[in-house]
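Chains A, B and C are the protein sequences, given in the same order. The first sequence begins at 1 in full-length UniProt numbering and counts up by one. The second sequence begins at 1 in full-length UniProt numbering and counts up by one. The third sequence begins at 1 in full-length UniProt numbering and counts up by one.
Worth flagging that the hints you see were computed from the coordinates, not collected in a lab. Treat the hints with care, as some may be off.
For chains that are exact copies, the list does not tell them apart, and a pair is met inside one copy or across any two.
[To be verified] The list that follows gives simulated cross-link-like pairs (lysine-lysine, DSBU-like), each with its CA atoms no further than 30 Å apart:
| id | residue 1 | residue 2 |
| --- | --- | --- |
| 1 | K185 | K170 |
| 2 | K132 | K211 |
| 3 | K211 | K185 |
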Amino acid sequence: MRFRLTPRDVAFFDLFAASGSQLVVGADLLAQLIAAPPPDRLRFAERLRDAEHEADQSAHEIMRRLNQTFVTPFDRDDIYRLASALDDCMDAMEAAGDLIVLYQVDDLPEEVGTQVATLQRAAELTADVMPKLRTMGEEVRAYWIEINRLENEADRAYRDLLALLFQSPKYQESPAAVIEMVKLKDVIDTLEQAADSFETVAHQVEALFLKES
Amino acid sequence: MRFRLTPRDVAFFDLFAASGSQLVVGADLLAQLIAAPPPDRLRFAERLRDAEHEADQSAHEIMRRLNQTFVTPFDRDDIYRLASALDDCMDAMEAAGDLIVLYQVDDLPEEVGTQVATLQRAAELTADVMPKLRTMGEEVRAYWIEINRLENEADRAYRDLLALLFQSPKYQESPAAVIEMVKLKDVIDTLEQAADSFETVAHQVEALFLKES
Amino acid sequence: MRFRLTPRDVAFFDLFAASGSQLVVGADLLAQLIAAPPPDRLRFAERLRDAEHEADQSAHEIMRRLNQTFVTPFDRDDIYRLASALDDCMDAMEAAGDLIVLYQVDDLPEEVGTQVATLQRAAELTADVMPKLRTMGEEVRAYWIEINRLENEADRAYRDLLALLFQSPKYQESPAAVIEMVKLKDVIDTLEQAADSFETVAHQVEALFLKES
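Starting from the given sequences, assemble the full structure and let the hints guide the process.
What follows is the structure, given as C-alpha cells:
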C-alpha cells in the first residue's frame with residue numbers, strides 16, 4: 001500500500017514517464033533510420049540526436065530534484081540508478097543511429113532490423129510501466145519478465161550477426177570489405193548495449209517493486 | 001567483533017559462498033574449453049552457459065533478499081556492489097567461452113592459457129574468501145593482495161597478446177587473417193574484462209573489511 | 001553555508017585536490033608522449049604509468065578513509081562516485097599512452113592532438129575546482145558547464161577521426177593498413193573514454209553542488 005503521493009513525488013513520476021516516452025520516440029526514429037534509403041538517413045539521425053538531448057534534460061532534471069529534495073518517493077540510489085539506466089538506453093540508440101550515418105554503412109544485414117524491433121518493443125513496455133511505478137501493483141512483474149525475454153531475443157540476433165560478420169566470405173574479399181565488417185560490428189555492438197541497458201532498467205524496476213510491495 | 005548472525009544473515013553468506021563456488025565451476029569449464037579440440041568445445045560452452053544461469057540466479061536471489069530484508073549484515077549498497085561484481089566475473093567468462101566457439105577461433109595463442117589460468121586462481125581464492133566474510137578476520141587481507149597480483153599477471157598476458165596480434169605478420173597476410181585477429185582481440189578483451197571484474201570483487205571485499213573490522 | 005571543517009574533512013579535500021593535480025600531470029605526460037618522436041615515447045609512457053600508480057593510491061586512500069570515517073563531509077556514495085570517476089580519467093589516459101607505445105602507432109592523425117588537448121584543459125579545470133568543493137560557491141557552476149563544452153569538443157574530434165579511419169583509402173590499401181586502422185581506433189576510443197570520464201566527474205561535482213548549496 002503506497003502513501004498518498006505529494007506534489008514533489010508526482011514530479012518524479014512525471015519525469016520518469018517523460019523519459020519512457022522519449023525512449024519510444026528514439027526507438028521509432030532508429031527504426032525509421034534503418035528503413036530509409038541511405039541518403040535520407042541523416043535527417044533521422046538529426047532528429048534522434050534531438051530526442052537524445054531531450055532525454056538528457058529529463059535525466060538532468062531528475063538528478064537535480066534528487067539532490068534538492070529531502071524526501072523522495074523511493075530510495076535515492078534507486079532513483080539515481082533508474083534514471084541512469086533510462087539515459088543509457090537513449091544514449092546507445094542515438095549512438096547506433098549516428099554510427100550508421102557516419103560510417104555510411106549502406107547495406108545493413110537483415111537481423112539488425114530484429115535488434116531494432118526488440119528495442120522498439122522494449123521502449124514501449126518501458127513507457128507503459130513508468131506511470132505504474134506510482135501504485136506498484138502486480139502488473140509491474142510482467143514488465144521485467146517480458147524485457148528479459150526481449151533481451152534474449154536481441155542477444156540471439158546479435159550472436160547471429162556476429163557469426164555472419166566473421167564467417168561470411170563477403171567480408172573477407174578485400175581490405176575494404178574487412179573495414180565494412182569492423183564498421184558493422186561497431187553498430188551491432190552498440191545496439192546490443194542498448195538492449196542490455198533496457199535489461200538494467202528492468203532490474204531496477206524489479207528492485208523497486210520488491211522494496212515497495 | 002561481529003554480532004551473532006541471524007538466520008537471515010546466514011542466508012546472505014550462503015548465497016555469496018554459492019556465487020564463489022559457481023565462479024570456480026565456470027573458470028574450470030573455460031579452462032577445459034580452451035584445452036579441448038575445437039570440435040569438443042561446444043559441449044563446454046553449453047555447460048558454461050548453464051553455470052552462468054545458476055550464477056545469475058544466485059545474484060538474483062541476493063538482490064531479492066536485499067530488497068526485502070530490513071536489516072542486512074553489511075551496508076545495502078556494499079552487498080549490491082559485491083553481488084554485481086561477482087555476477088560480472090561469471091558473465092565475462094561465459095562470454096569469452098561463447099565467443100571462442102561462435103567465432104571458431106581454433107588456434108588460440110598460448111598466453112590465452114595464462115589469462116584463463118589466472119581466472120581459475122582468482123575464482124578459487126574468491127570461493128575461499130566468501131565464507132570468511134562472516135568473521136572478517138585478518139586473513140581476508142591476503143585475498144585482495146593476491147587478487148591484485150593475479151590481475152597484474154593477467155594484464156601482462158593481455159598486453160603480450162595485443163603486441164602479438166598487432167605485430168605478428170601472421171595476421172597481416174590476407175583479409176581473412178585480419179578477421180582472425182579481430183576475433184582474437186574480442187576474445188582476449190573479454191578475458192581481460194573478467195580479470196578486471198575479479199579485481200572489482202577484491203576492492204569490494206577490502207571495503208567491507210575496512211568497514212567491519 | 002558550510003559547517004566548519006574538521007581535520008578529518010580536510011583530509012578528504014586534500015586527497016581530492018591531490019587527485020586533481022595528478023590528472024594534470026597525467027594529461028601533460030600524454031601530450032608530451034604524442035608530441036615526441038616515436039623512439040622517445042616509451043619514456044613518457046613509463047612516467048604516465050607512475051602517475052597512474054600515484055592516482056591509484058590517492059583513490060585507495062579516499063576509499064580507506066571513506067570506510068573508516070563515521071562522519072564524512074559529503075554523502076558517502078557521492079564521495080565514492082567522485083573518487084571512482086577521477087580514477088577512471090587517469091586510467092583511460094594511461095591506457096591510451098600505453099597503447100600508442102605498445103601498438104607502435106607512429107603516425108597519429110592530427111585530431112588526436114585535439115582529443116589530448118581537451119583532456120589537458122579538462123584536467124586543469126578539475127584540479128582548480130577540487131579545492132573549491134570546501135566552500136562550494138557559485139564559481140563551481142562554471143566548472144561543469146565548461147567541462148560539458150570540452151566534452152562536446154572531444155566528441156567532435158572523435159567523430160571526425162572515426163570518419164577518417166573508416167573512409168580514408170589510406171587504411172584500405174592492404175591488410176597491414178587495416179590493422180593500423182584497428183590500432184588507431186582502439187587509441188581514439190580510449191581517449192574518448194577519458195573525455196567521458198571527465199564528464200562523469202563534472203556530473204558528480206554538480207550533484208554535490210546541488211546538495212550542498
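To see whether the hints hold, each was checked on the structure:
1. Taking the shortest Cα distances, K185 and K170 sit within 30 Å of each other both inside one copy (14 Å) and across copies (21 Å).
2. Taking the closest pair of Cα atoms, K132 and K211 come within 30 Å of each other both inside a single copy (15 Å) and across two copies (28 Å).
3. Taking the shortest alpha-carbon separations for K211 and K185, neither the intra-copy value of 39 Å nor the inter-copy value of 42 Å comes in at or below 30 Å.
Comparing the model with each earlier hint shows a violation of hint 3 alone; every other hint is respected.
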